[in-house]
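S.K.: The chain contents come next:
Protein chains: 4
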Amino acid sequence: MALKLKFSIGASVFWPPKDRTLSSGYKPDITRKEIWESFSKVEGLEGVELYYPSDFDDPRKIKKILDSIGLEVCSVGAIIWAPAKYQNGSVTSLDKSIRRDAIEISKKAMDFASMMGASAFNFWPAQDGYDYYFQSDYQNKWDLLVDGVKEIASVNPEMPFGIEYKAKEPRTHQIISNASNLLLLAADTGLDNVGATMDFGHSIICGENPAAEVVQLINRNRLALLHNNDNYADWDHDMLPATAHFWENMEFFYWLKRLDYSGWINFDIFPVRFDAIKASTLTIKNIKRLIKFIEKIDVEGFNRKVDNNEVLETQEFLWGKLFDR
Amino acid sequence: MALKLKFSIGASVFWPPKDRTLSSGYKPDITRKEIWESFSKVEGLEGVELYYPSDFDDPRKIKKILDSIGLEVCSVGAIIWAPAKYQNGSVTSLDKSIRRDAIEISKKAMDFASMMGASAFNFWPAQDGYDYYFQSDYQNKWDLLVDGVKEIASVNPEMPFGIEYKAKEPRTHQIISNASNLLLLAADTGLDNVGATMDFGHSIICGENPAAEVVQLINRNRLALLHNNDNYADWDHDMLPATAHFWENMEFFYWLKRLDYSGWINFDIFPVRFDAIKASTLTIKNIKRLIKFIEKIDVEGFNRKVDNNEVLETQEFLWGKLFDR
Amino acid sequence: MALKLKFSIGASVFWPPKDRTLSSGYKPDITRKEIWESFSKVEGLEGVELYYPSDFDDPRKIKKILDSIGLEVCSVGAIIWAPAKYQNGSVTSLDKSIRRDAIEISKKAMDFASMMGASAFNFWPAQDGYDYYFQSDYQNKWDLLVDGVKEIASVNPEMPFGIEYKAKEPRTHQIISNASNLLLLAADTGLDNVGATMDFGHSIICGENPAAEVVQLINRNRLALLHNNDNYADWDHDMLPATAHFWENMEFFYWLKRLDYSGWINFDIFPVRFDAIKASTLTIKNIKRLIKFIEKIDVEGFNRKVDNNEVLETQEFLWGKLFDR
Amino acid sequence: MALKLKFSIGASVFWPPKDRTLSSGYKPDITRKEIWESFSKVEGLEGVELYYPSDFDDPRKIKKILDSIGLEVCSVGAIIWAPAKYQNGSVTSLDKSIRRDAIEISKKAMDFASMMGASAFNFWPAQDGYDYYFQSDYQNKWDLLVDGVKEIASVNPEMPFGIEYKAKEPRTHQIISNASNLLLLAADTGLDNVGATMDFGHSIICGENPAAEVVQLINRNRLALLHNNDNYADWDHDMLPATAHFWENMEFFYWLKRLDYSGWINFDIFPVRFDAIKASTLTIKNIKRLIKFIEKIDVEGFNRKVDNNEVLETQEFLWGKLFDR
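Chains as they are written, first to last, in this note's numbering: chain V, 20 to 344; chain E, 20 to 344; chain X, 20 to 344; chain L, 20 to 344.
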């Protein structure tokens with residue numbers, strides 16, 4: 020059976036990249052209209068990841084634009100890491116009114132997600148964590164996060180609610196740092212629709228082997244959404260997929276295939292110093308190449324070697340398929 | 020209220036250290052008799068961590084020796100990473116007879132733990148994991164581990180069963196790699212006595228902040244045993260405690276105090292190039308110094324600053340207490 | 020003999036922190052006038068690190084302001100990582116006119132450094148590096164950097180020219196990544212005044228033990244300037260000094276003392292979520308506490324233990340001095 | 020022009036792997052005779068790396084054996100990390116007689132290297148470093164190492180003398196930790212034949228991009244010998260080459276090709292849990308596959324894209340060559 024993945028990106032791919040070194044931006048500003056045009060120029064693109072409120076004037080208007088360029092809505096999220104009021108936390112803020120704002124905006128975005136036919140809601144508690152030692156009542160933050168997620172995810176129990184786990188950035192330590200951590204939190208909410216937005220790059224920076232984790236997430240029915248991008252295991256550079264971690268990506272897609280996973284994969288890349296449309300097009304092209312390769316190796320004999328711990332045999336097989344022709 | 024910790028070490032502290040570079044050993048061989056004498060010379064020591072079968076001829080004989088030198092049994096474990104037959108796994112071995120051996124020896128050790136009045140059973144699935152990509156059916160290994168733990172831990176539901184999580188060594192990837200991972204596995208067993216042996220050094224190498232994790236383990240009633248030692252976050256060097264991670268240890272003990280934890284702390288150090296008796300004595304002395312310091316800072320006002328995210332205030336407080344006199 | 024260090028900060032400490040997650044800033048904007056007032060409010064501050072062109076209208080005017088608030092100029096640098104034209108490199112840009120701009124602006128800043136009586140020129144080739152594999156002619160970039168540094172540093176052979184080495188950010192890989200790398204480049208220039216701006220945090224993120232490196236830099240007469248701040252070894256968080264790496268800072272200052280180092284130490288901190296004036300004041304206060312402690316331990320007997328590899332003795336000594344009272 | 024590499028392994032590949040967890044060994048003991056037979060069974064093998072004294076009874080006898088199985092001597096080294104007397108250092112030992120032993124045994128091995136027609140002498144100061152902070156006079160250790168290397172390398176100024184740099188293991192910190200560090204030391208000796216044994220895996224664990232470093236070593240004429248193996252950037256696992264770092268190996272061999280490097284590459288692998296003969300055979304086969312691929316991509320057009328920073332174009336090119344057929 021073929022791996023049925025659909026490909027999307029978000030508008031952030033087209034925004035002028037900014038960082039603390041070059042806060043004025045690596046590229047010129049871009050209008051919302053130009054962003055929609057950019058989406059339409061990415062070859063192979065099937066959907067978009069939307070964020071509330073930045074991508075929304077009017078949901079119907081957006082739906083119309085998307086229809087006109089032939090794109091679906093992969094997922095919707097709420098921006099709860101800006102403006103500055105969220106800097107010490109969104110749903111874990113110790114300031115009750117800020118906490119309430121974060122919950123309400125998320126609930127509204129969750130509504131839009133349903134309305135737009137999104138496959139998942141994406142929840143990234145970016146500012147929820149700490150920077151220094153002796154700065155947190157860890158249990159209290161966990162509990163506030165569980166409660167916040169419960170309230171938001173209950174808006175639509177049919178909508179997969181993906182918490183995007185990430186160990187760091189913008190905080191030095193975020194609360195939900197790895198897949199196991201996320202699964203604990205999901206269990207604590209008592210809700211079936213709470214699961215993970217698994218970002219391949221985030222998985223790498225927290226020291227995971229993404230393949231091993233995605234197996235766990237899928238088998239527990241807690242995988243809401245996939246993101247892909249790459250880095251050097253130190254920081255979330257959001258580079259083009261598989262430009263750093265080749266075998267890790269190959270094993271990751273191999274397991275998606277073995278487990279008959281189907282769903283969206285959103286390419287959350289940060290094309291700092293080159294063209295975003297071309298980068299997105301190349302990304303989709305390369306992942307299709309990788310998947311095509313995976314389709315060919317996914318055979319009974321190879322699976323048995325993997326399961327039986329036959330290192331020399333699996334390596335010989337993979338290298339032969341890759342290089343011999 | 021004072022932090023009520025008791026201090027122990029295991030016989031491995033006295034064994035001649037060996038590694039792959041100097042496999043003949045950094046120190047001369049030592050007899051079992053000399054090991055018992057060494058235990059008796061460590062100042063401040065209150066207990067020992069025993070391993071079956073290496074430390075056991077006859078439990079009654081050992082009990083007698085321990086009584087004569089005034090030491091209790093902190094914990095008991097089973098050696099399931101040697102001999103060589105366990106190299107591809109103990110309770111997750113794909114070879115059923117090896118798997119059975121690992122389970123039976125562990126059950127026997129669990130019996131000894133009860134018999135000796137140990138506070139916990141320590142379970143370290145050291146060889147249970149993988150080294151290469153495309154070498155494992157991850158789900159199968161997880162399931163075998165859950166089943167194995169269930170069978171062993173059921174021997175005595177009153178005995179805390181601590182799984183010593185560790186991300187790597189001797190495998191490049193071990194199955195139970197961090198605290199959240201461990202908590203998932205504990206939940207999967209459905210047993211209340213399954214929890215963590217939290218080794219401070221292991222927590223550091225998997226990228227955790229030990230303080231944040233120990234809070235989670237204690238509050239979920241899943242902390243069976245503590246180990247302490249230190250390293251440089253790259254590898255399990257088993258150095259003297261807090262010689263590398265100072266603030267991390269301080270915050271760790273601060274939270275043990277705030278949560279009124281009482282129990283054993285076993286110093287699992289590897290004194291490669293210096294005297295093991297002196298190293299153990301110094302370790303206990305230094306941890307007592309740290310605890311004494313913690314006792315003084317644990318006051319209402321400070322706790323509130325911590326909980327309220329007041330970084331400058333907590334740092335000023337800690338540095339003042341430490342340096343001003 | 021006492022450690023003679025002088026303390027400075029740069030205006031960037033007061034700028035509203037921005038990052039890619041919250042690019043509008045964590046704090047409100049601040050005027051140049053408010054920045055000068057802020058400098059004057061930091062207790063214990065003796066100097067400032069200036070950058071051209073951001074800090075300069077007119078050097079004489081600045082000198083007058085500094086005199087009025089009683090601050091010296093620690094060092095001067097040129098901003099060659101912004102605007103956007105520098106995004107692919109400053110003196111290593113493949114575009115000759117951009118390269119020329121970077122050199123000329125640096126030479127002008129070098130003149131200001133002399134004019135203002137700065138103790139060193141600070142040169143940070145932030146955008147000089149690469150992000151992806153197969154993206155660079157490594158030798159060519161090295162050679163361009165050597166040539167660029169030669170031209171700029173020759174402006175004033177009496178002025179220490181510190182290259183601020185840093186492994187990453189804003190590039191995933193910068194050319195001059197560690198102290199040894201820097202020393203090779205300094206030798207390649209053939210100039211005596213070329214050396215390092217050693218930033219403690221940068222030293223940590225490239226895996227160095229800062230103490231070992233500063234000994235090498237001082238003994239080779241290649242230390243131009245010190246920066247201090249801290250992080251978790253993963254990224255340049257620019258946290259308050261010694262809030263993460265305690266022993267590493269202690270050993271670092273211990274060696275500065277043993278080698279009778281005297282000079283400026285600039286606190287390059289990034290106070291994202293708290294008050295910058297208070298953070299700077301606390302930083303100076305805490306480093307003075309650490310230095311005062313070092314002054315007391317720097318005794319013949321202790322030095323001998325260090326030199327003779329006496330781990331247990333040095334640890335006993337340090338812990339006793341720190342905790343026993 | 021084709022990349023002219025010759026392939027070798029050392030006897031350690033066949034020794035029963037031992038580590039501190041399973042110090043009795045992962046495989047049964049093996050006789051010297053069986054080791055020679057094993058060498059003869061590795062397909063594609065052209066040479067051996069020998070160590071004095073473990074591999075030597077009588078050089079003539081060994082030469083005869085090697086001739087009979089058609090293998091050359093790639094390199095010779097001295098074992099100066101065992102026995103236990105070297106645990107605190109070889110040529111940097113503070114004990115003069117141990118230091119002398121290390122120098123004399125190395126000089127003798129250097130003689131054997133000349134006698135056997137080795138292409139290089141390999142020098143690994145494994146125990147020369149430190150484990151704890153406040154344990155070393157860093158300058159003294161550096162100076163002792165420079166002096167020791169000078170004395171040994173002077174035995175034969177025509178013989179490339181490769182210092183195998185490595186950041187850690189068996190010490191937590193070794194003196195010569197990275198390529199730049201090594202180049203500084205080589206310059207300090209004032210000898211032209213002193214250079215690096217560059218081990219790909221060691222380069223990875225110290226955070227280097229091996230391609231960038233090998234360019235520097237070759238262009239400075241300081242590359243004595245290459246080792247290859249792989250790991251996960253945390254520890255020297257000595258895994259099969261390129262099983263973890265795929266692109267890094269590809270770029271590494273690409274630059275060897277561009278710089279017309281010719282020489283030996285020794286596969287210093289540690290086949291813990293599988294057959295060493297098969298592992299060595301597969302290693303050579305896979306590296307030949309990689310080199311064959313490199314031969315095809317090394318074309319003018321691609322080189323220009325690399326040099327010009329054209330990320331999207333080089334990635335498109337590499338992925339196309341690898342996957343499209």
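No lab work stands behind these hints, which were simulated from the structure alone. Every value quoted in this text rests on a predicted model; they were computed, and no experiment measured them. Treat each hint with caution, since some may be false.
Any copy will do: because identical chains look the same in the list, a pair fits if it lies in one copy or spans two.
Okay, derived cross-link-like pairs now, DSS-like style, lysine-lysine, Cα gap no bigger than 25 Å in a straight line [to be verified]: (1) Lys-127 to Lys-311; (2) Lys-315 to Lys-126; (3) Lys-46 to Lys-82; (4) Lys-60 to Lys-83; (5) Lys-315 to Lys-276; (6) Lys-169 to Lys-276; (7) Lys-304 to Lys-126; (8) Lys-23 to Lys-311; (9) Lys-307 to Lys-52; (10) Lys-126 to Lys-340; (11) Lys-340 to Lys-307; (12) Lys-340 to Lys-297; (13) Lys-307 to Lys-126; (14) Lys-46 to Lys-115.
S.K.: Work down the list of hints and note, for each, if the structure agrees.
M.R.: Status of the hints after comparison with the structure:
1. Taking CA atoms no more than 25 Å apart as the test, Lys-127 paired with Lys-311 passes in neither setting, with 39 Å inside one copy and 51 Å between copies.
2. For the homomeric pair Lys-315 and Lys-126, neither the shortest alpha-carbon distance inside one copy (43 Å) nor that between copies (45 Å) is at most 25 Å.
3. For a Cα distance limit of 25 Å, the shortest separation of Lys-46 from Lys-82 qualifies neither inside one copy, at 28 Å, nor across copies, at 36 Å.
4. With identical chains, the CA atoms of Lys-60 and Lys-83 are at most 25 Å apart within one copy only, with a shortest distance of 17 Å there and 56 Å across copies.
5. Only within a single protomer do Lys-315 and Lys-276 lie at most 25 Å apart by alpha-carbon distance; the minimum there is 11 Å, versus 31 Å between protomers.
6. For a Cα distance limit of 25 Å, the shortest separation of Lys-169 from Lys-276 qualifies neither inside one copy, at 32 Å, nor across copies, at 31 Å.
7. For the identical chains of this complex, Lys-304 and Lys-126 are neighbours neither inside a copy (35 Å) nor across copies (46 Å), given an alpha-carbon limit of 25 Å.
8. Within a single copy, Lys-23 and Lys-311 get their C-alpha atoms as close as 11 Å, which meets the 25 Å cut-off; across copies the closest is 34 Å, which misses it.
9. With identical chains, the CA atoms of Lys-307 and Lys-52 are never at most 25 Å apart, being 29 Å at best within one copy and 51 Å at best between copies.
10. Taking the shortest Cα distances, Lys-126 and Lys-340 never come within 25 Å of each other, neither inside one copy (48 Å) nor across copies (46 Å).
11. In this assembly of identical chains, the alpha carbons of Lys-340 and Lys-307 lie at most 25 Å apart whether taken from the same copy (17 Å) or from different copies (14 Å).
12. Within a single copy, Lys-340 and Lys-297 get their C-alpha atoms only as close as 29 Å, which misses the 25 Å cut-off; across copies the closest is 19 Å, which meets it.
13. Taking identical chains as interchangeable, the C-alpha atoms of Lys-307 and Lys-126 are never at most 25 Å apart, the minima being 35 Å within one chain and 50 Å between chains.
14. In the homo-oligomer, the alpha carbons of Lys-46 and Lys-115 lie at most 25 Å apart only across protomers (20 Å), although the nearest pairing inside one protomer, at 38 Å, exceeds that limit.
Going through the hint list in order, the structure does not satisfy hints 1, 2, 3, 6, 7, 9, 10, 13.
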